[in-house]
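A.B. asks: In order, the protein sequences belong to chains A and B.
The opening residue of the first sequence carries number 1 in this note's numbering; numbering runs sequentially from there.
The opening residue of the second sequence carries number 1 in this note's numbering; numbering runs sequentially from there.
Don't take every hint at face value.
Some but not every residue of chain A turned toward chain B, in silico, with C-beta under 8 Å [to be verified]: (1) A25; (2) E26; (3) L27; (4) S29; (5) I32; (6) D33; (7) F55.
It is worth saying that the hints were derived from the structure and are not from the lab.
No experiment lies behind these values; they were computed from the predicted model shown.
Where a beta carbon is used, it is the ideal one built from N, C-alpha and C, also for glycine.
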Amino acid sequence: MSLIDRYVYEVGRHLPRKNRSDIQAELRSSLIDALEDRAGQEPTEADVAELLKEFGPPKVVAASYYPEGQYLIGPPLYSLFRLVTGIVLAAVLGAQLLALGIGYFVAQEPIAPLEAVVGLLNSIPAALGMLVIVFVILQWFDVRPETEDEPWDPDSLPEISESETVNRGERIFGITMSIILLVVLGFFPESIGFVTSFGSELFTNPVIAEYIGLITFSLLFGIGLDIYLLWQGRWGTFTRIAKIAANLLSIAILFLLVQGHTAWLVEHGSVGFFATLELLPDNITGGWQVIGMEAFRLGFGVALIITSLETVVMIFRLVRANLKSGFSPETLPSSRV
Amino acid sequence: MKEKELHELHAKLTQELRRGILVLATLSQLKEAKYGYALINNLAERGLDIEQGTLYPLLRRLESQGLLQSEWNVEGSRPRRYYIISPDGSSLLELLSAEWRDLTTVMDGLLDGTSMRGENNESD
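For reference, chain B alone in the conformation it holds in the complex (with noise of 0.2 Å):
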């Protein structure tokens, strides 16, 4: 494979990882009221960097699906929609945080060649 085709596969498969994570890095952060832009730069401030145009798509798409609650708020110098975590979206954020943690020990595990179930892989 040449070099440039296996930077983009990389940059296209590392997409692909972040993807799936945006949702529970999102529902996380929600717990207090936040509007777009804020959100972004307390994710990017935690390591976290998520394009603009990912983002406010996906608050949008999270609130449709009732797991987050948002309103207009005219208080600061223009009015900015506010975002916070809805009580499913706090039920699902606890599930979801669950099923991440299992997955970050079955990968560690994967990556580091021991196995969670204590075969012996050398065996394999």
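Bound-form chain A, shown alone (with noise of 0.2 Å):
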């Protein structure tokens, strides 16, 4: 019987602690029934393992006394961990930003992109880990959250409308774009300007170098906006009030570069676009260099005016979608909790 106590042992292993030894007593009980049943007094040592192969391996029949015990995080707490997943990501995304912002406003301290990313990518796991960590726990004391059915009324479900509706396209195309000029700024910042002609240095651009800590702060506060707005799906005030902030930082940061290029521009004696290419055969090198700075200031331009236009649109909706429905703490994304 050497095997089949072996089996009823490792059953047991796999078998939470309460009820396991009265668990193993049934079942070697009943295999022991099986193989008088089919091999008489005197089974073989073959009989025994033919038996035991179709009972199964023993962790999925432990398994099958313990279903719940196959999960890290089980159904009935998966959703609570799905929601306070948001909630933790969301704030520990917003609380780099804040340490970014405070540093970078208050203590005047220069934004470093690179060790930003890197803030995030180490910090976002860890507090993802100690999140899995706790509900394992949660799991292993069969804690399971208080589920009420409330009363739910159909007219409560919220009218969809196109203008509410994230374009997911739009979104990950804007962190894809964010994502490859965050990496741009961070490792090769000195790349930014232009060849002012074949085969000689590139000119960095003094102004954009300049403010390269702010914009890596609006476009980590951008990336970080349009995650939420992928996993949110549609728009709210919360998401509208924060992408016009985003906006609003994004149209100061465009209206700084556009006057310090002009700044830049007046300096170097620049007497406008076309005037300047006139006076090119003169000063090849210096004024290639002007053009390419008129050409960034015309871009940062055309940028700021699209992003004020936006910002107007967005307003429009957040003051229409609250008029039709009331400014309500319903919309507000922490109501969710």
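Each chain sits in its own coordinate frame; assemble them with the hints.
C.D. replies: In structure tokens:
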């Protein structure tokens, strides 16, 4: 019977302590019943092995006695886990951005984009790890959150309108572009500029270099908001306000950039885009630098106008959405808790 | 669909169907106290094969839900755990049996193409 003993012991190893010995005793008695029924009083090792093979692997047998033990975080806890994960991720991201913002605006520390990204990459897994540990402990003690079946009214379903649905493609494109920009700003800040003539050295745009910290901060804020929007799937009051705040920050940065370029151009004696073109033959390198900086200024100026228009539309939609439904705390994500 | 996939799906859906009736089948046979292996034989004799690895955990679950009662009996050749239906289990068995009979009538109607409520299903 040694094989049966080993089998029963192995099943017990995967069972919770409570009821373990009782289940083991019943299993042993049932296995011997089955064995006697098949092979009589003197079964061979091969008979035992065949019976156990039919019965199934010890882990599987133990799991059928204790199905909830198969989950690291089981179904009763999972929706709570998802909810808390979202809150923790938002909190971690928010805390990082806040720390960056305070560092930049209050302590006047320069923002190191690479360090900010590495900080986020470190803190998110750490926070998630802690969260998983907490939930695994809850699962271990079989804690079940109380779920009340609240009376539900179909009329309470939120209305769907085109302007409320988040365009996923747009958000993903935004995140991708921002990450590319972050990488460029973080790893190759000296490469943002232009070549004034074939074979000449890269002329690093001095104005962008000056505002690199602020640009990084704005990009990180935008990425965080875009990830949150992807998760939510639709625009709400909170996300609209956050987006408007992000846009106002972008407008401020773009304004500073345009102003910075103007100051640089004045300092370098620019007389305007087309007038500079006419002066080109006399001062090839300097002329091309002025043209390049003019082009940058033009680009930032266009971006400034587009962002301003977008912000006006966002403010309009925010006002309209809240006039329609009445400003209520339900539209804020904190009420999901 | 390939034959193998069809076969697998058939096995899976059959298992799901059978899983639904196991509680009713088990409760119906425990008006007298029986131990696990005897119950398996009893069900098999009546045409319902059930794996041991499925039945023993099920008996435990039904007991923890208060539908069965159990005790160890040491009188035979070895100690065996005997299960018998509880008063709550008996009440539930009655309700479930009625459900089952209704369901089989409805399902027979569906499978034979006749309708319970006298509607002419040719007009569908």
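A.B. asks: Once the shortest beta carbon distance from I32 (chain A) to chain B is found, is it less than 8 Å?
C.D. replies: holds (6 Å)
A.B. asks: Can the hint on D33 (chain A) be confirmed by a CB-to-CB distance to chain B that is less than 8 Å?
C.D. replies: With Cβ-Cβ at 4 Å, under 8 Å, it holds.
A.B. asks: Holds or violated: is there a CB of chain B closer than 8 Å to the CB of A25 (chain A)?
C.D. replies: holds (7 Å)
A.B. asks: With a cut-off of 8 Å, does the beta carbon of S29 (chain A) approach a beta carbon of chain B closely enough for the hint to hold?
C.D. replies: Since the shortest Cβ distance to chain B is 5 Å, the answer is holds.
A.B. asks: Under 8 Å is the threshold here; is the Cβ of L27 (chain A) close enough to any Cβ of chain B for the hint to stand?
C.D. replies: holds (7 Å)
A.B. asks: Quick check on F55 (chain A) please, does its C-beta sit within 8 Å of some C-beta on chain B?
C.D. replies: holds (6 Å)
A.B. asks: Close enough to count: is the Cβ of E26 (chain A) nearer than 8 Å to one in chain B?
C.D. replies: Since chain B brings a Cβ to about 5 Å from E26 (chain A), closer than 8 Å, the hint holds.
When held up to the earlier numbered hints, the structure conflicts with none and fits them all.
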